[in-house]
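*Asks:* For chain A, the structure is supplied; the task is to place chains B, C and D on it using the hints.
Protein chains: 4
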Amino acid sequence: MGEALDISLDEQIMPYIDMANLACGFHAGNPVMMHQSIKEAKANGVSIGAHPSYPDLEGFGRREMECSVEEIVSLVIYQSGALDALCQSHGVKLNYIKPHGALYNTMMKDIEVFKAIAKAVSKYDKNIKLMILSNAHNDKYATMADKYGISLLYEVFADRAYKDDGSLVPRSERGAVLSSKEEVLQRAKLLQKEGYIKTINGKNLPLQADTLCVHGDNAQALSIIQALHKLNHEN
Amino acid sequence: MGEALDISLDEQIMPYIDMANLACGFHAGNPVMMHQSIKEAKANGVSIGAHPSYPDLEGFGRREMECSVEEIVSLVIYQSGALDALCQSHGVKLNYIKPHGALYNTMMKDIEVFKAIAKAVSKYDKNIKLMILSNAHNDKYATMADKYGISLLYEVFADRAYKDDGSLVPRSERGAVLSSKEEVLQRAKLLQKEGYIKTINGKNLPLQADTLCVHGDNAQALSIIQALHKLNHEN
Amino acid sequence: MGEALDISLDEQIMPYIDMANLACGFHAGNPVMMHQSIKEAKANGVSIGAHPSYPDLEGFGRREMECSVEEIVSLVIYQSGALDALCQSHGVKLNYIKPHGALYNTMMKDIEVFKAIAKAVSKYDKNIKLMILSNAHNDKYATMADKYGISLLYEVFADRAYKDDGSLVPRSERGAVLSSKEEVLQRAKLLQKEGYIKTINGKNLPLQADTLCVHGDNAQALSIIQALHKLNHEN
Amino acid sequence: MGEALDISLDEQIMPYIDMANLACGFHAGNPVMMHQSIKEAKANGVSIGAHPSYPDLEGFGRREMECSVEEIVSLVIYQSGALDALCQSHGVKLNYIKPHGALYNTMMKDIEVFKAIAKAVSKYDKNIKLMILSNAHNDKYATMADKYGISLLYEVFADRAYKDDGSLVPRSERGAVLSSKEEVLQRAKLLQKEGYIKTINGKNLPLQADTLCVHGDNAQALSIIQALHKLNHEN
Numbered sequence: 000m001g002e003a004l005d006i007s008l009d010e011q012i013m014p015y016i017d018m019a020n021l022a023c024g025f026h027a028g029n030p031v032m033m034h035q036s037i038k039e040a041k042a043n044g045v046s047i048g049a050h051p052s053y054p055d056l057e058g059f060g061r062r063e064m065e066c067s068v069e070e071i072v073s074l075v076i077y078q079s080g081a082l083d084a085l086c087q088s089h090g091v092k093l094n095y096i097k098p099h100g101a102l103y104n105t106m107m108k109d110i111e112v113f114k115a116i117a118k119a120v121s122k123y124d125k126n127i128k129l130m131i132l133s134n135a136h137n138d139k140y141a142t143m144a145d146k147y148g149i150s151l152l153y154e155v156f157a158d159r160a161y162k163d164d165g166s167l168v169p170r171s172e173r174g175a176v177l178s179s180k181e182e183v184l185q186r187a188k189l190l191q192k193e194g195y196i197k198t199i200n201g202k203n204l205p206l207q208a209d210t211l212c213v214h215g216d217n218a219q220a221l222s223i224i225q226a227l228h229k230l231n232h233e234n
Numbered sequence: 000m001g002e003a004l005d006i007s008l009d010e011q012i013m014p015y016i017d018m019a020n021l022a023c024g025f026h027a028g029n030p031v032m033m034h035q036s037i038k039e040a041k042a043n044g045v046s047i048g049a050h051p052s053y054p055d056l057e058g059f060g061r062r063e064m065e066c067s068v069e070e071i072v073s074l075v076i077y078q079s080g081a082l083d084a085l086c087q088s089h090g091v092k093l094n095y096i097k098p099h100g101a102l103y104n105t106m107m108k109d110i111e112v113f114k115a116i117a118k119a120v121s122k123y124d125k126n127i128k129l130m131i132l133s134n135a136h137n138d139k140y141a142t143m144a145d146k147y148g149i150s151l152l153y154e155v156f157a158d159r160a161y162k163d164d165g166s167l168v169p170r171s172e173r174g175a176v177l178s179s180k181e182e183v184l185q186r187a188k189l190l191q192k193e194g195y196i197k198t199i200n201g202k203n204l205p206l207q208a209d210t211l212c213v214h215g216d217n218a219q220a221l222s223i224i225q226a227l228h229k230l231n232h233e234n
Numbered sequence: 000m001g002e003a004l005d006i007s008l009d010e011q012i013m014p015y016i017d018m019a020n021l022a023c024g025f026h027a028g029n030p031v032m033m034h035q036s037i038k039e040a041k042a043n044g045v046s047i048g049a050h051p052s053y054p055d056l057e058g059f060g061r062r063e064m065e066c067s068v069e070e071i072v073s074l075v076i077y078q079s080g081a082l083d084a085l086c087q088s089h090g091v092k093l094n095y096i097k098p099h100g101a102l103y104n105t106m107m108k109d110i111e112v113f114k115a116i117a118k119a120v121s122k123y124d125k126n127i128k129l130m131i132l133s134n135a136h137n138d139k140y141a142t143m144a145d146k147y148g149i150s151l152l153y154e155v156f157a158d159r160a161y162k163d164d165g166s167l168v169p170r171s172e173r174g175a176v177l178s179s180k181e182e183v184l185q186r187a188k189l190l191q192k193e194g195y196i197k198t199i200n201g202k203n204l205p206l207q208a209d210t211l212c213v214h215g216d217n218a219q220a221l222s223i224i225q226a227l228h229k230l231n232h233e234n
Numbered sequence: 000m001g002e003a004l005d006i007s008l009d010e011q012i013m014p015y016i017d018m019a020n021l022a023c024g025f026h027a028g029n030p031v032m033m034h035q036s037i038k039e040a041k042a043n044g045v046s047i048g049a050h051p052s053y054p055d056l057e058g059f060g061r062r063e064m065e066c067s068v069e070e071i072v073s074l075v076i077y078q079s080g081a082l083d084a085l086c087q088s089h090g091v092k093l094n095y096i097k098p099h100g101a102l103y104n105t106m107m108k109d110i111e112v113f114k115a116i117a118k119a120v121s122k123y124d125k126n127i128k129l130m131i132l133s134n135a136h137n138d139k140y141a142t143m144a145d146k147y148g149i150s151l152l153y154e155v156f157a158d159r160a161y162k163d164d165g166s167l168v169p170r171s172e173r174g175a176v177l178s179s180k181e182e183v184l185q186r187a188k189l190l191q192k193e194g195y196i197k198t199i200n201g202k203n204l205p206l207q208a209d210t211l212c213v214h215g216d217n218a219q220a221l222s223i224i225q226a227l228h229k230l231n232h233e234n
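Here the protein sequences come in this chain order: A, B, C and D.
Its first residue numbered 0, the first sequence is counted upward by one per residue in numbering that gives the first Met the number 0.
Its first residue numbered 0, the second sequence is counted upward by one per residue in numbering that gives the first Met the number 0.
Its first residue numbered 0, the third sequence is counted upward by one per residue in numbering that gives the first Met the number 0.
Its first residue numbered 0, the fourth sequence is counted upward by one per residue in numbering that gives the first Met the number 0.
Just chain A, with the same shape it has in the complex (with noise of 0.2 Å):
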């Protein structure tokens, strides 16, 4: 959230939500926004997450850049503090990181990257969770974490197509993104009841989930989230 200048369809979606994962400057959002990101968030009694990214604020960080670790630790730490700092002056509190666009690509593909933010995490504030794409791997994530001394969150996307193998299909394919909500809704049934949901070549795939993410930037953002608040409180 916080990402687009109009911030109108964020208060709309508040009241659904649970999570919000907040845009901190590097590929949207500025001060403003984040500040009112948070009021409303808090208004609405909704956890707040910090989504750092690259710095490609002209591309929206969904380019991959060549960052050592120090640089990704810096700017993990950087951008989560700016937020929380936000947080602070309204007596709320920083709840999770989850890393934004080719950063969250980069952190999934390459476990180097995720140490750095890892280790990022830890140095700033152990209490801070991590959120990060539930996978057959996660055992091995967490063991990790475990290491720096930090928590994970698994997430399984709501609004985008799965591989097989777990990865997600790439925003430049066909079909990357669902943008109907009765098949959104029917992957969330499944996983809830079942544990798995169908992957693109409709395989099932098994995954752990501790928070469902719907993209703001998806035209059917809003009544999505309201199906799927319904489905959450009628169970």
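Keep in mind that the hints were calculated from the coordinates and are not lab data.
Careful: at least some of the hints might be erroneous.
No copy labels: a pair is met if it fits in one copy or bridges any two.
Below, simulated EDC-like cross-link-like pairs (lysine to aspartate or glutamate); rule was C-alpha separation at most 16 Å, straight line [said to hold, decoys possible]:
(1) Lys38 <-> Glu10
(2) Lys92 <-> Asp124
(3) Lys38 <-> Glu69
(4) Lys162 <-> Glu193
(5) Lys92 <-> Glu39
(6) Lys108 <-> Glu182
(7) Lys197 <-> Glu181
(8) Lys118 <-> Asp209
(9) Lys192 <-> Asp109
(10) Lys92 <-> Asp216
(11) Lys146 <-> Glu111
(12) Lys197 <-> Asp164
(13) Lys41 <-> Asp124
(14) Lys139 <-> Asp17
(15) Lys108 <-> Asp164
(16) Lys229 <-> Asp5
*Replies:* Just chains B, C and D now, kept in the frame of chain A:
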């Protein structure tokens, strides 16, 4: 400090100073440079100050921007919090905040901007001090700071010319920067012994001084600072 | 146009417009988005205008910045030249320049800024037109433009409320944006038939109109533009 | 040039050089600095080259970014066109393009990036030359450039150490930059008389040289350039 890509000058200066204003990425600097500067400051027992700016990387923060009070409060907390988080990861603490460039000048000429910055400091952390330009009305500023529950530090510029009214000669004017070591030393001695400095017109200007500022981009910065350091330790 | 990451709305709008103002990377947009917008504009026979801004990507160019005449001249030439070069690589030519946001507003309230922009256009390419807000003193502006050897285009905002003095109701005030298709159509018809529009207070405001502007971030942009296109082709 | 806020060094260097690479705002520089550098270059009869970069103002363009061919083509045309427009406003013309930092390195190691840049130059203006790192395979590059209808300039770095394979010793390694005037002069003489330089291991490396590059951020830049200028005019 942390304003130039090549931080070797910063490293040379660190042993001779007591306080370092670190650029926070809005007019210069970036997370990894901030991280490196903190490491150097810590190694030399130097107090760390945030040097927040208008968001103007291209113009080095020297252009005034039309920001609302809410924007100023947010951008000061954002930058200071980012630096403080990096400090925290090194086991040190942000000591004070000194606005940079146009934001500093606007703070000294527009009382609403001063209040916005004082509010930012107050909402973020009341133990952090706010550094302002020492002037004839320090009492007035102290009274306002009191209302926000924060403390002020008064600084005198060692290497900038003053007008008779206590304001700085703008950089665009001739003689704005003192680049001779002798001139600066003479000013420091006069201030130490007599409590005043000479304005550009030769008048005596009494000024309270908690700290003496030398600009890192002054070509003579290193030798000026070494001389001031020697002067200070002779007494 | 070229202001949002998702350019699908731009693509839908292109068939219904005659002129497109393209963001040049200083308040929004980036080189590859500009390249794509030019391709779309060319395919639809739409005239291309540069939409240069203060360098404020973070604030969408909506904050006035204290720039010297030399800075304004340079930033207008830089952005217009960058877009024109991309046009050239597609075998088309930049047609006009319309400053964006705060730069546009400052141009209309500070004659020195208008002159700086006129000078920029003149020094770069006298065949490129400068678009300004149509007002009661168009003659005065035309005389000045003449001195710089350039031509003006007068625009009326289809979707922004006007004060009685011909200035725009600021976005921060209620009713600043007309989002109902009917209101906009009524204004367009009135302007076409009678040569005036209604101010926010209901007064008649006569305005010369070379072009009618609808903002791309208006939620009703597409349907408003389709309706205006239909109106225009019925007559 | 045009990379540091203080352009006094640039002004001192201008009389001693034949070609100047001007930063175009993506890794350093801004429109008004470009405008001033052009003025200086023109006054000294110096050829002007564009120095386009990945969009990484924060990292000085030294980090590789994962850009598509379309993105590279667009960002090269954007930056070169912006500079050329400013040149045009001074009645001079852009002479050549030399990519900066990571973009330059990527161009020399990834042939697809070289082609993207050649395509950009070709689509924008075939009279503009492309400057590349002189190496053992200059013929191969010339053949490719031919297909795009453009000409190449081969440059040798006066102040950077070379490996035996003709690539540059990375800045992160010891001895990457030659900062002694004597070493640089010796290299220049050897190249002029014998057509080769010495690698970091002392081997002879034959190199075609249309131009000799000295980095503006080399602490000895001015004295090195003056010595090279003298050497050149003695012969």
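*Asks:* For every hint, state whether the structure bears it out.
*Replies:* The hints, checked one at a time:
1. Taking CA atoms no more than 16 Å apart as the test, lysine 38 paired with glutamate 10 passes inside one copy only; the shortest distance there is 10 Å, against 35 Å between copies.
2. In this homomeric assembly, lysine 92 and aspartate 124 come within 16 Å of each other (Cα to Cα) both inside a single copy, at 11 Å, and across copies, at 14 Å.
3. Taking identical chains as interchangeable, the C-alpha atoms of lysine 38 and glutamate 69 lie at most 16 Å apart only when they sit on different chains, with a minimum of 13 Å there against 32 Å within one chain.
4. For the identical chains of this complex, lysine 162 and glutamate 193 are neighbours neither inside a copy (19 Å) nor across copies (59 Å), given an alpha-carbon limit of 16 Å.
5. Taking the shortest Cα distances, lysine 92 and glutamate 39 sit within 16 Å of each other inside one copy (14 Å), while across copies they are farther apart (30 Å).
6. In this assembly of identical chains, lysine 108 and glutamate 182 lie within 16 Å of each other by CA distance neither inside one copy nor across copies; the values are 27 Å within and 44 Å between.
7. Taking the closest pair of Cα atoms, lysine 197 and glutamate 181 come within 16 Å of each other only inside a single copy of the chain (14 Å); across copies the shortest separation is 46 Å, beyond that limit.
8. In this assembly of identical chains, the alpha carbons of lysine 118 and aspartate 209 never lie at most 16 Å apart, being 22 Å within a copy and 38 Å across copies at closest.
9. Taking the shortest Cα distances, lysine 192 and aspartate 109 never come within 16 Å of each other, neither inside one copy (32 Å) nor across copies (49 Å).
10. In this assembly of identical chains, the alpha carbons of lysine 92 and aspartate 216 never lie at most 16 Å apart, being 26 Å within a copy and 33 Å across copies at closest.
11. With identical chains, the CA atoms of lysine 146 and glutamate 111 are at most 16 Å apart within one copy only, with a shortest distance of 14 Å there and 41 Å across copies.
12. For a Cα distance limit of 16 Å, the shortest separation of lysine 197 from aspartate 164 inside one copy, 12 Å, qualifies, whereas the shortest one across copies, 51 Å, does not.
13. Proximity of lysine 41 to aspartate 124 under the C-alpha cut-off of 16 Å is found in neither arrangement, the shortest distances being 21 Å within a copy and 20 Å between copies.
14. With identical chains, the CA atoms of lysine 139 and aspartate 17 are never at most 16 Å apart, being 27 Å at best within one copy and 46 Å at best between copies.
15. In this homomeric assembly, lysine 108 and aspartate 164 come within 16 Å of each other (Cα to Cα) only inside a single copy, at 12 Å, whereas the closest approach across copies is 32 Å.
16. Proximity of lysine 229 to aspartate 5 under the C-alpha cut-off of 16 Å is found in neither arrangement, the shortest distances being 26 Å within a copy and 29 Å between copies.
Comparing the model with each numbered hint stated earlier shows that hints 4, 6, 8, 9, 10, 13, 14, 16 do not hold.
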